[in-house]
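Student: One point on numbering: in our numbering, the residue at position 176 of the sequence shown is 176, and numbering is uninterrupted.
Just so you know, these hints were derived from the structure itself, not from any lab.
Ideal Cβ positions, reconstructed from N, Cα and C, are used throughout, including at glycine.
Warning: the hint list may mix true and false statements.
Stated by the list, open to error - Think about it this way: if two alpha-carbon atoms lie no more than 25 Å apart in a straight line, the pair counts; the simulated SDA-like pairs of lysine to any residue are:
1) Lys279 x Arg109
2) Lys195 x Ser46
3) Lys202 x Arg154
4) Lys2 x Trp17
5) Lys155 x Asn189
6) Lys23 x Ser35
7) Lys138 x Pro79
8) Lys135 x Ser89
9) Lys138 x Lys171
10) Lys271 x Lys306
11) Lys45 x Asn18
12) Lys279 x Glu316
13) Lys306 x Thr149
14) Lys45 x Cys166
15) Lys318 x Thr298
16) Lys126 x Lys376
17) Lys138 x Met68
18) Lys202 x Arg167
19) Lys256 x Lys195
20) Lys256 x Lys401
21) Lys126 x Thr149
22) Lys45 x Tyr206
23) Lys135 x Gly125
24) Lys45 x Ser89
25) Lys330 x Lys306
26) Lys376 x Ser360
27) Lys135 x Arg167
Claimed, not checked - Simulated DEER-style distance windows between Cβ atoms:
28) Lys155 x Pro333: 55 to 61 Å
29) Asn18 x Tyr278: 51 to 57 Å
30) Asp158 x Gln326: 43 to 49 Å
31) Lys2 x Asp152: 55 to 61 Å
32) Glu208 x Ala58: 28 to 34 Å
33) Arg391 x Lys126: 38 to 44 Å
34) Asn19 x Arg108: 50 to 56 Å
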Amino acid sequence: MKDPQLLLTFHQNEQEWNNLYNKLFFSPTTQHMNSIQIQQMNSIKSFPAFYYYTETTAYLLSDIIEQMSRLNNVVNKIPASAIEQFQISCLIEEIQSSNDIEGVHSTRREISEALDEQDTQEGPGKIRLWGIVNKYIKLFGNENIAFYTCDDLRKFYDDFVLDEVCRDDEKNRPDGEIFRADGVDVHSNTKIIHKGLYPESKIISYMEQAMQILHDTQIPALIRISIFHYLFGYIHPFYDGNGRTSRFITSYYLSKILNPLVGIRLSITTKKSLRAYYKLFEITDAYGNRGDLTPFITGFLRIIRKSIIRVNDLLEEKQRELERYQELLKQIPLKDHVSEMICLQLLQAALFSADGVTLSALESPIDKTSRTIREKILSLPEGLVLVNKTRRAHRYILNLKYFASLA
1 MKDPQLLLTF HQNEQEWNNL YNKLFFSPTT QHMNSIQIQQ MNSIKSFPAF YYYTETTAYL
61 LSDIIEQMSR LNNVVNKIPA SAIEQFQISC LIEEIQSSND IEGVHSTRRE ISEALDEQDT
121 QEGPGKIRLW GIVNKYIKLF GNENIAFYTC DDLRKFYDDF VLDEVCRDDE KNRPDGEIFR
181 ADGVDVHSNT KIIHKGLYPE SKIISYMEQA MQILHDTQIP ALIRISIFHY LFGYIHPFYD
241 GNGRTSRFIT SYYLSKILNP LVGIRLSITT KKSLRAYYKL FEITDAYGNR GDLTPFITGF
301 LRIIRKSIIR VNDLLEEKQR ELERYQELLK QIPLKDHVSE MICLQLLQAA LFSADGVTLS
361 ALESPIDKTS RTIREKILSL PEGLVLVNKT RRAHRYILNL KYFASLA
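Kindly generate the complete structure, drawing on both the sequences and the hints.
Tutor: Structure follows, in structure tokens:
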């Protein structure tokens, strides 16, 4: 059974559109947010926001649970150190994807260098992307970040992306009491597709309500996350950096509720479905949609589900590869157990990391000093290990091409 579509009905028959709206808006399962009004750009009429539960919603929530069970199963089969390397690889791609969505150029190397500099005093305010990387790392540590008040949101924004926003254009620094004091247009290429709320008092009022929804435990978690994601884009509280901030907040709660591996792949998945992602906002904003948030909720749940399925597919494929290469590794004569352990770690790095593993990162799993590990690596068969010397701390991986003659 297909979900009702107010916007489609609007274009077909106005009387049926009114009838369908009344049926949906006054349904016993409908949830109302009457103080939040949705208004299409250039329209003189606004409509109270609402949503309702559908069979599609139930299916998506159920399948997300099944996909999470699948994810937990595959994660338990992979060494913890490999999962950690995969997380960092995804983090780098996630930040780059989130920047790409906003048309902000960044490289994997810049993000990796910001990762390397997290423990240095020179980082904050001096190293590009340091603040963004710093916040994303917290997704792995189960750290709590406050998103309860407008002041909380502004403080986070300042730490997270303000430096990047001002590097691009100092005029985009927030100039209001908390958010922006002036209006803002949202562009797609050269076309204006949305105008953020105005004046600031309205921004504050709507954002307070959005955060109340975000923390309303009477609403299923993934549904309130989806609603908040839409409302943040609709409100558009800052001149710039809204998309990156909104996606991080969504990733933060997905990490808490589901798994960090889901949270740090949101922008990656969104970028691959960017046209559909923007279409969700366009449909929900439309006059003919009449304030119905349900299309956005179901569409965004599909994006979350797609993220989980993709990470499952990736990890299952990498797990199979890990098992295959482990068998091939047994055919290579190694001098001792420590050399075997090093090769296993470097194999994991080749399959799960973005650019390899440092000697210092090998100290804990190998339980040896960097000096001993370096000596052991030098004693391995020539060509078995590849070294990336472009970074301050060299990165090491096992050379998978070495195994071609053994397969």
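Student: Check the following: the C-beta atoms of asparagine 18 and tyrosine 278 are separated by a distance inside 51 to 57 Å.
Tutor: Because 28 Å falls outside the window, the suggested range is violated.
Student: Within 25 Å, alpha carbon to alpha carbon, are lysine 2 and tryptophan 17?
Tutor: holds (16 Å)
Student: Does the alpha-carbon distance linking lysine 135 and serine 89 stay inside the 25 Å limit?
Tutor: Distance of about 16 Å is within 25 Å: holds.
Student: Tell me if the straight-line CA distance from lysine 202 to arginine 167 falls inside 25 Å.
Tutor: Given pair lysine 202, arginine 167 is violated - Cα atoms ~28 Å apart, limit 25 Å.
Student: Regarding asparagine 19 and arginine 108, is the given constraint of 50 to 56 Å on their beta-carbon distance met?
Tutor: holds (53 Å)
Student: For the pair supplied as a hint, lysine 135 and glycine 125, is the alpha-carbon distance within the 25 Å limit?
Tutor: The given pair, whose Cα atoms are some 14 Å apart, holds under the 25 Å limit.
Student: So if I understand the rule, the pair passes when the alpha-carbon distance is 25 Å or less; does lysine 45 with serine 89 pass?
Tutor: Since the Cα atoms of lysine 45 and serine 89 sit roughly 46 Å apart, the hinted pair is violated (cutoff 25 Å).
Student: Assess, step by step, whether the Cα of lysine 256 is no farther than 25 Å from the Cα of lysine 195, and give holds or violated.
Tutor: violated (32 Å)
Student: With a cut-off of 25 Å on the C-alpha distance, tell me whether lysine 195 and serine 46 pass.
Tutor: holds (14 Å)
Student: CA of lysine 126 to CA of lysine 376, is that 25 Å or under?
Tutor: violated (37 Å)
Student: Sort out whether lysine 171 lies within 25 Å of lysine 138, counting only the CA atoms.
Tutor: violated (29 Å)
Student: Does the alpha-carbon distance linking lysine 155 and asparagine 189 stay inside the 25 Å limit?
Tutor: violated (30 Å)
Checked against the numbered hints given earlier, the structure breaks hints 1, 5, 9, 12, 13, 14, 15, 16, 18, 19, 20, 21, 24, 25, 29, 31 and 33 and satisfies all the rest.
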